[in-house]
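> Protein chains in written order, with the UniProt record's numbering: chain A, 1 to 134; chain B, 1 to 134; chain C, 1 to 134; chain D, 1 to 134.
One should not assume that every hint holds.
No distinction is drawn between identical chains; accordingly, a pair holds when it is met within one copy or between any pair of copies.
Within a straight-line C-alpha distance of at most 20 Å, the following computed PhoX-like cross-link-like pairs (lysine-lysine) qualify [said to hold, decoys possible]:
no., residue 1, residue 2
1, K26, K131
2, K131, K84
3, K34, K74
4, K37, K74
5, K4, K74
6, K4, K37
7, K4, K34
8, K26, K84
To be clear, the hints were calculated from the coordinates, so they are not data collected in a lab.
Protein chains: 4
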Amino acid sequence: MEFKQEWYEGAREAQQRAYAPYSQFKVGAYLITKDGKAYYGANIENAAYPSTICAERSALVAAMSDGYRPGDFKCITITVDADKPSSPCGTCRQVLKELCDDDMPVYLTHQTDQRMETTVNDLLPLGFSGKDLE
Amino acid sequence: MEFKQEWYEGAREAQQRAYAPYSQFKVGAYLITKDGKAYYGANIENAAYPSTICAERSALVAAMSDGYRPGDFKCITITVDADKPSSPCGTCRQVLKELCDDDMPVYLTHQTDQRMETTVNDLLPLGFSGKDLE
Amino acid sequence: MEFKQEWYEGAREAQQRAYAPYSQFKVGAYLITKDGKAYYGANIENAAYPSTICAERSALVAAMSDGYRPGDFKCITITVDADKPSSPCGTCRQVLKELCDDDMPVYLTHQTDQRMETTVNDLLPLGFSGKDLE
Amino acid sequence: MEFKQEWYEGAREAQQRAYAPYSQFKVGAYLITKDGKAYYGANIENAAYPSTICAERSALVAAMSDGYRPGDFKCITITVDADKPSSPCGTCRQVLKELCDDDMPVYLTHQTDQRMETTVNDLLPLGFSGKDLE
Chain A
1 MEFKQEWYEG AREAQQRAYA PYSQFKVGAY LITKDGKAYY GANIENAAYP STICAERSAL
61 VAAMSDGYRP GDFKCITITV DADKPSSPCG TCRQVLKELC DDDMPVYLTH QTDQRMETTV
121 NDLLPLGFSG KDLE
Chain B
1 MEFKQEWYEG AREAQQRAYA PYSQFKVGAY LITKDGKAYY GANIENAAYP STICAERSAL
61 VAAMSDGYRP GDFKCITITV DADKPSSPCG TCRQVLKELC DDDMPVYLTH QTDQRMETTV
121 NDLLPLGFSG KDLE
Chain C
1 MEFKQEWYEG AREAQQRAYA PYSQFKVGAY LITKDGKAYY GANIENAAYP STICAERSAL
61 VAAMSDGYRP GDFKCITITV DADKPSSPCG TCRQVLKELC DDDMPVYLTH QTDQRMETTV
121 NDLLPLGFSG KDLE
Chain D
1 MEFKQEWYEG AREAQQRAYA PYSQFKVGAY LITKDGKAYY GANIENAAYP STICAERSAL
61 VAAMSDGYRP GDFKCITITV DADKPSSPCG TCRQVLKELC DDDMPVYLTH QTDQRMETTV
121 NDLLPLGFSG KDLE
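Bound-form chain A, shown alone (with noise of 0.2 Å):
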């Protein structure tokens, strides 16, 4: 797949809706549905640490709330404020796990030209899922 421009506009802009008062660390994600539909996703911070949702699922959890289903992305890309790119957490890995296809892109970037592309299944391999509690 071709990386588009947009994409990592659209992440640019995510990112500056993050609230990360605790961290001063911000992310942000943009999220792109197989139809076309595309998702923002902001790091929302809480003095309680546990209680912080990355970027990523923000970006997620709101398409699935908007009535997407696992398998419907298409991509997404991630973005913060650093020399080079972030990759995401361990609890988003697992949560892109559960809700995209094995091989859809993840782009991490930066604050500039440069850009990692990598997958859910390599952020996670041996992933856990539903089959293993079944």
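Guided by the hints, dock chains B, C and D onto chain A, whose structure is given.
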């Protein structure tokens, strides 16, 4: 504040979007902003149970990722399929505390016209907040 | 129940073990079982803030992993370095609700001899529990 | 490192202590410190699914609350009742990343003498860490 029937209907609509293959317990939330916009929230479960995100938080992070800020919210209505209302889990109360006014109404509904009304502060007395970190 | 000074000292000891490189906010918990055993709990933070585990929950899961069961707990004492006590976050309240008697005392302490006493039920009114899932 | 049968037995013992009334999926973990102490960990579920804490994290926070520090751990063994091993969820991988050496062995076992060996780093490639926050 007078409760509006459309808030109940919004929560019921949100509940249809729940992704709850593990508990079969579908929850819907309908969040109203002070400037009149509405956000749907549904519980989005995960095979790894701790990675589940509840309906209340789904609605709140969707709104925040759209640019709303703490204090911008007017009320939230929650619904479940049960013979009595359920109340938010502790984590959702913590997120409500961070993002909503202490006296914001929280309406707990279920399958009938019965309804309980509470507030953010009543749900999290002596609530932990950013002031505790100073 | 009469508060014992050793519970305060246990919580202070636990607090020394906190791993809080991100917030610098160290919390200690000291959990007493009904048969007289004590468990230390400290907050264990994570660069990914949502993966942090608080002091109260650290103590509870340590005891449960040692074989204690819900209802086996007598009281918990929590302490912080501040000029007033802090109370448990919403997630910890939810875990206290699941594992402890509703009227179990929760003692909130800090650097002085001041102390607040509350209970599991008072911290999570209208608490969500397994009964809601039935 | 040569795997020791007693690590498997420790994990099986830990699994007996799981509190899993919601999923019925019991997990055990057995954590060994570099100085030779062992910690049991079991999954401790909650009616509010997101408040569940997994076996791996139970063991790690118990050890940390006892005074161990990041890097003090030698290996962890995990077990489940299934016809194949399960791997840690994303959140547990994130906590392993924070607290353990990147090359620390993680042994995945189940009901038979089959066993998989992996490492912290293999479970969380491109892992998010404190360096990302700097």
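> Take the hints in turn and mark each one as holding or not.
Structure-based check of each hint:
Only between protomers do K26 and K131 lie at most 20 Å apart by alpha-carbon distance; the minimum there is 15 Å, versus 34 Å within a single protomer. Taking the shortest Cα distances, K131 and K84 sit within 20 Å of each other only across copies (11 Å), while inside one copy they are farther apart (35 Å). Taking CA atoms no more than 20 Å apart as the test, K34 paired with K74 passes inside one copy only; the shortest distance there is 5 Å, against 33 Å between copies. For the identical chains of this complex, K37 and K74 are intra-copy neighbours only, at 10 Å inside a copy versus 28 Å across copies, given an alpha-carbon limit of 20 Å.
Taking the shortest Cα distances, K4 and K74 sit within 20 Å of each other inside one copy (12 Å), while across copies they are farther apart (37 Å). For the homomeric pair K4 and K37, the shortest alpha-carbon distance inside one copy (14 Å) is at most 20 Å, but the shortest distance between copies (30 Å) is not. For a Cα distance limit of 20 Å, the shortest separation of K4 from K34 inside one copy, 14 Å, qualifies, whereas the shortest one across copies, 35 Å, does not. Taking the closest pair of Cα atoms, K26 and K84 come within 20 Å of each other only inside a single copy of the chain (14 Å); across copies the shortest separation is 31 Å, beyond that limit.
Violation of the numbered hints given earlier is absent; every hint is satisfied by the structure.
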